[in-house]
Amino acid sequence: MTVLPSAAEGSAALPPVTRAEYCVVACAEAWRGDGEVLASPMGLIPSFGARLAKRTFAPDLLLTDGEAILVGLDGTVEGWLPYRRHLAMVTGGRRHVMMGASQIDRYGNQNISCIGSWERPSRQLLGVRGAPANTLNNPVSYWIPRHSPRVFVDRVDLVCGVGYDRAAGLGPQGARYHRLPRVVSNLGVFDFETPDRRMRLVSVHPGVDVAEVVAATGFDLVIGAQVPLTREPAADELRLIREVVDPQGLREREVPA
Amino acid sequence: MSADEAVGRLASGMTLGIGGWGSRRKPMALVRALLRTEITDLTVVSYGGPDVGMLAAAGRIRRLVAPFATLDSIPLEPHFRAARERGAFELTELDEAMFMWGLHAAANRLPFLPVRAALGSDVLRVNPQLRTVTSPYEDGEEFVAAPALRLDAALVHVNRADRLGNGQYLGPDPYFDDLFCEAADAAYLSCEQVVETAELTKDAAPQTLLVSRHSVTGVVEAPNGAHFTSCAPDHGRDEAFQKLYATTPWAEFAGRFLSGPGEHAYQSAVRAWHEEQK
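Line by line, the protein sequences are chains A and B. First residue of the first sequence: 1, per this note's numbering; consecutive thereafter. First residue of the second sequence: 1001, per this note's numbering; consecutive thereafter.
Honestly, the hints are just simulated from the structure, not real lab data. Watch out, some of these pointers could steer you wrong.
Which stretches of chain A does chain B cover? Using the computed rule of at least three CB atoms under 8 Å from a CB of chain B, they are [claimed, not checked]: (1) 16–27; (2) 42–53; (3) 61–74; (4) 122–134; (5) 164–174.
Here the structure is a predicted model, which is why all the values come from computation and not from measurement. All C-beta atoms, glycine included, are put in the ideal place defined by N, C-alpha and C.
Please model the entire structure based on the sequences and the hints provided.
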């Protein structure tokens, strides 16, 4: 059991929580309650979030070393997960991935392949990678480090990850494993828990205005009368982020203060 | 056989599978040998890395079948990007799992395997040749029928092999190199070191024997043959050199490193470049 300092002690002793640290906590929350599944974080802050979650409220998560080995928090090898088994874990559903998105729309359709026409893209990006299978088989959350109308778009140029409107079109059979638990950006947290499955603003990170989120989003978000703030890291979480999970402070490069 | 002899068995217009994944254990010595030939008009099937980038930059690809191309530590493959943006080749863009099941289908002599992927996504829009299949059982679910990725030839690189074509990987991930070989009419396997058969399992477990000789046509000894991609535990990725590859105009890079008479000239040019950086 960690002994928590009182709020007064905490604030006196520690530098204030940065935006990047709110993002780490918001990403960690994606895996809360997932149990014994593989956490597949793409990107730096999701990786720190997954490690924070495993160190605190989601100790049963499985993590890889970034290649083919399942490792504990201290690096102890506990399993083997080459790509062929990783892809089987996707279709078996025992995985929750947090992917990036070059574009995402109001229903969570995601694009990482190319910008412009597919036949002759103006900007070729990664390709569809595993997004089409991921979204039909295991929970997929998204991390977007630079929230802008160029990323949160009315229509994505190529649907790689399937959103709720297209999943609904597949019928109850085709969509039975489709779930997009949350989207985290540098401005706030979003989900699709609305009657028509449009993206909803769940919380804004402290220091962010709702108006700022609206201005940076290329479609109408569902916004409640009161938008809460993204939760504060507990004192032990903040210590873990700063001293254990990311002692080099790489998070501040992905999301500058 | 030599790398040049291996690629001498290939021909323009072939469908060529290339093993490894991204910038990991790619058969680069064989790709470099291929670049020294006039062979072109290829359909390349790959979890793409610099193999795709180089062949695309050199204009050898008519069609690429891939779910991505990446250099891993450098997310976007620059020559793949440039070639796509100038419309240099046709693309069959598949999901990673569809691609794997396509290789399984080919290796098992099946026309397709059902996959829960691509439905609802634009993979179906950009691949109008793809068909779906309905479960004949009570559930009646609809799947994509991932078509067999049958190959005229496959190129793979592993850590060790014997002269008969038994290939051994000693790193953490087999990728899909066994499947590439089994899906191909002919497979050419390069390795860091050729050893006697008995040597293979002297200090390593038998399950490291990834590729069997019945699926291999020719063995090429190519030390550092995956360079600059990783080939654990023999060598890691040459990050400095990969960065040079990614940031140098293709003609300049090819002129300095790929215009020599063979793999030896390439490895010498790389050593000379590293010396200059000291």
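Checked hints:
no. : hint    : result
1   : 16–27   : violated (count 0)
2   : 42–53   : violated (count 0)
3   : 61–74   : holds (count 3)
4   : 122–134 : holds (count 12)
5   : 164–174 : holds (count 6)
When each numbered hint is compared with the structure, violations occur for hints 1 and 2.
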